[in-house]
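Undergrad: The lines below spell out each chain.
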Amino acid sequence: MWSYERRLQYPVNITCRNPRLAQVIISQFGGPDGELAASMRYLSQRYSTKNRKVAGVLTDIGTEELAHMEMVSAIVHQLTKDITPQEIMDSGFERYYVDHTLGLWPQSAGGIPFTATFFQSKGDVITDLIEDMAAEQKARTTYDNILRLVHDQEVCDPIKFLRQREINHFQRFGEALRIVQDELDSKNFYAVNPDYLPDLRK
Amino acid sequence: MDVKNREKLFGCITATSFVLDDLRIYLDTHPTDQEALDYWEKVSKVRKEAVEEYTKCFGPIYSYDVKNKNRWAWVEDPWPWEGRC
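Top to bottom, those sequences are chains A and B.
Going by numbering that gives the first Met the number 0, the letters in the first sequence line up with residues 0 to 201, in that order.
Going by numbering that gives the first Met the number 0, the letters in the second sequence line up with residues 0 to 84, in that order.
Be aware that a few hints might be false.
As the list claims (entries may be wrong) - Below, computed lysine to any residue pairings styled on SDA-like, alpha-carbon distance capped at 20 angstroms:
1. B:K41 / B:L22
2. B:K7 / A:P10
3. A:K80 / B:R83
4. A:K159 / A:A108
5. A:K80 / B:D76
6. A:K52 / B:P30
7. B:K41 / B:D20
8. B:K47 / A:Y9
9. A:K52 / B:L22
10. B:K47 / B:H29
11. B:K47 / A:S2
12. A:K52 / B:Y25
13. B:K3 / A:L7
14. A:K159 / B:W80
15. B:K47 / B:R83
16. A:K52 / B:D32
17. A:K52 / B:W39
18. B:K66 / A:R6
19. A:K52 / B:D21
20. B:K44 / B:L22
21. B:K44 / B:A14
22. B:K7 / A:K80
23. A:K121 / A:L42
24. A:K52 / A:A190
25. B:K44 / B:Q33
26. B:K47 / A:R6
27. A:K52 / B:A14
28. A:K80 / B:W80
29. B:K55 / A:E153
30. A:K137 / A:L148
31. A:K52 / B:Q33
32. B:K55 / A:R5
33. A:K80 / B:E51
34. B:K3 / A:A190
35. A:K49 / A:E130
36. A:K80 / A:V149
37. B:K7 / A:E130
38. B:K7 / A:Y9
It should be emphasised that the hints constitute simulated quantities derived from the structure, not laboratory data.
Take these sequences, add in the hints, and give me the full structure.
TA: Listed below in structure tokens is the structure:
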């Protein structure tokens with residue numbers, strides 16, 4: 000189970016609102032390489048492995064991604080706090096605003112709603128971990144793209160923290176993949192699902 | 000305790016918690032690294048003391064730690080996403 004701690008993993012205190020930037024950063028909430036997809040990906044995948052270390056990595060990183068989703072949401076919330084109708088029209092925020100007011104709804108910057116098709120849970124730990132390493136890299140690239148557009152230090156700071164975590168998680172998933180592959184035997188040279196082999200060697 | 004001390008104590012909780020968040024996933028793939036295990040022990044202790052002190056002086060950050068007398072302290076303070084006002 001999960002329980003809530005009344006704090007962010009890393010502080011978010013933004014004093015200068017910027018709805019245009021919020022529309023870009025919301026992609027890391029509900030977009031294809033966002034934190035919600037990351038969390039749901041790892042927490043869904045963890046049931047497919049008998050390796051307890053790898054299940055631990057998926058559980059703990061999946062949990063940390065929930066904290067990242069909260070940080071991204073806090074950034075979007077603070078960037079749009081109390082914006083005026085004039086600011087809404089001047090920043091192109093009106094197309095989001097009309098459906099959600101200033102509420103948080105998981106979507107990409109391009110307006111594509113969050114969907115479970117942003118990730119896989121393939122039931123094969125090797126397949127899944129390779130997706131997870133790619134996912135961390137894609138999220139890191141997205142943060143790179145965001146950082147090029149941000150000039151406010153109060154926004155830059157937590158985004159840089161989140162970017163760094165992608166790199167760290169990439170490393171841990173790489174180790175998890177190594178752990179699984181080291182346990183394969185010589186008959187499984189091509190790294191077929193080690194936890195579900197029935198009827199495969201006919 | 001004043002606002003400055005409150006921020007300092009909260010900063011200590013944030014920092015020590017993060018060390019443990021990072022160590023946790025390191026230890027998942029390196030479960031016998033003695034140096035990391037010792038560091039976990041050391042930082043856990045500092046974090047525990049900071050959380051206890053903060054909860055006592057300023058209220059709970061964790062709902063299991065809410066001690067009720069005649070009010071529900073869990074919903075009194077700003078939520079984390081509100082930022083500094």
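Undergrad: Could you run down the list of hints and mark each one as holding or not?
TA: Do the hints match the structure? See the list:
1. B:K41 / B:L22: Roughly 12 angstroms separates the two Cα atoms, so the pair holds.
2. B:K7 / A:P10: Holds, because 13 angstroms separates the two Cα atoms, which is no more than 20 angstroms.
3. A:K80 / B:R83: Holds, at roughly 13 angstroms.
4. A:K159 / A:A108: holds, 19 angstroms
5. A:K80 / B:D76: Within the cut-off at roughly 18 angstroms; holds.
6. A:K52 / B:P30: Between K52 of chain A and P30 of chain B the Cα gap is close to 8 angstroms, so the pair holds against 20 angstroms.
7. B:K41 / B:D20: Holds, at about 14 angstroms.
8. B:K47 / A:Y9: Given that 20 angstroms is the threshold and the Cα spacing comes to 18 angstroms, the pair holds.
9. A:K52 / B:L22: Holds: K52 of chain A and L22 of chain B sit about 14 angstroms apart, inside 20 angstroms.
10. B:K47 / B:H29: Outside the cut-off at roughly 24 angstroms; violated.
11. B:K47 / A:S2: Answer holds: K47 of chain B to S2 of chain A is near 17 angstroms, not above 20 angstroms.
12. A:K52 / B:Y25: Holds. K52 of chain A to Y25 of chain B sits at ~10 angstroms (cutoff 20 angstroms).
13. B:K3 / A:L7: holds, 19 angstroms
14. A:K159 / B:W80: Given pair K159 of chain A, W80 of chain B holds - Cα atoms ~18 angstroms apart, limit 20 angstroms.
15. B:K47 / B:R83: violated, 24 angstroms
16. A:K52 / B:D32: Given pair K52 of chain A, D32 of chain B holds - Cα atoms ~14 angstroms apart, limit 20 angstroms.
17. A:K52 / B:W39: It holds: about 17 angstroms lies between the C-alpha atoms, which stays within 20 angstroms.
18. B:K66 / A:R6: holds, 19 angstroms
19. A:K52 / B:D21: Within the cut-off at roughly 15 angstroms; holds.
20. B:K44 / B:L22: Given that 20 angstroms is the threshold and the Cα spacing comes to 14 angstroms, the pair holds.
21. B:K44 / B:A14: Holds, at roughly 13 angstroms.
22. B:K7 / A:K80: violated, 27 angstroms
23. A:K121 / A:L42: holds, 13 angstroms
24. A:K52 / A:A190: Holds: K52 of chain A and A190 of chain A sit about 18 angstroms apart, inside 20 angstroms.
25. B:K44 / B:Q33: holds, 17 angstroms
26. B:K47 / A:R6: OK: K47 of chain B and R6 of chain A at ~15 angstroms, within 20 angstroms.
27. A:K52 / B:A14: violated, 25 angstroms
28. A:K80 / B:W80: Since the Cα atoms of K80 of chain A and W80 of chain B sit roughly 11 angstroms apart, the hinted pair holds (cutoff 20 angstroms).
29. B:K55 / A:E153: At roughly 30 angstroms apart (the allowed maximum being 20 angstroms), E153 of chain A and K55 of chain B break the hint.
30. A:K137 / A:L148: holds, 17 angstroms
31. A:K52 / B:Q33: Holds - the C-alpha atoms of Q33 of chain B and K52 of chain A are around 17 angstroms apart, at most 20 angstroms.
32. B:K55 / A:R5: Roughly 15 angstroms between the alpha carbons, so the hint for K55 of chain B and R5 of chain A holds.
33. A:K80 / B:E51: violated, 33 angstroms
34. B:K3 / A:A190: Violated. K3 of chain B to A190 of chain A sits at ~56 angstroms, over the 20 angstroms cutoff.
35. A:K49 / A:E130: Distance ~18 angstroms between K49 of chain A and E130 of chain A Cα, so the pair holds.
36. A:K80 / A:V149: Judged against 20 angstroms, a Cα distance of about 18 angstroms means the pair holds.
37. B:K7 / A:E130: violated, 40 angstroms
38. B:K7 / A:Y9: holds, 14 angstroms
Consistency note: the structure conflicts with the earlier hints numbered 10, 15, 22, 27, 29, 33, 34 and 37.
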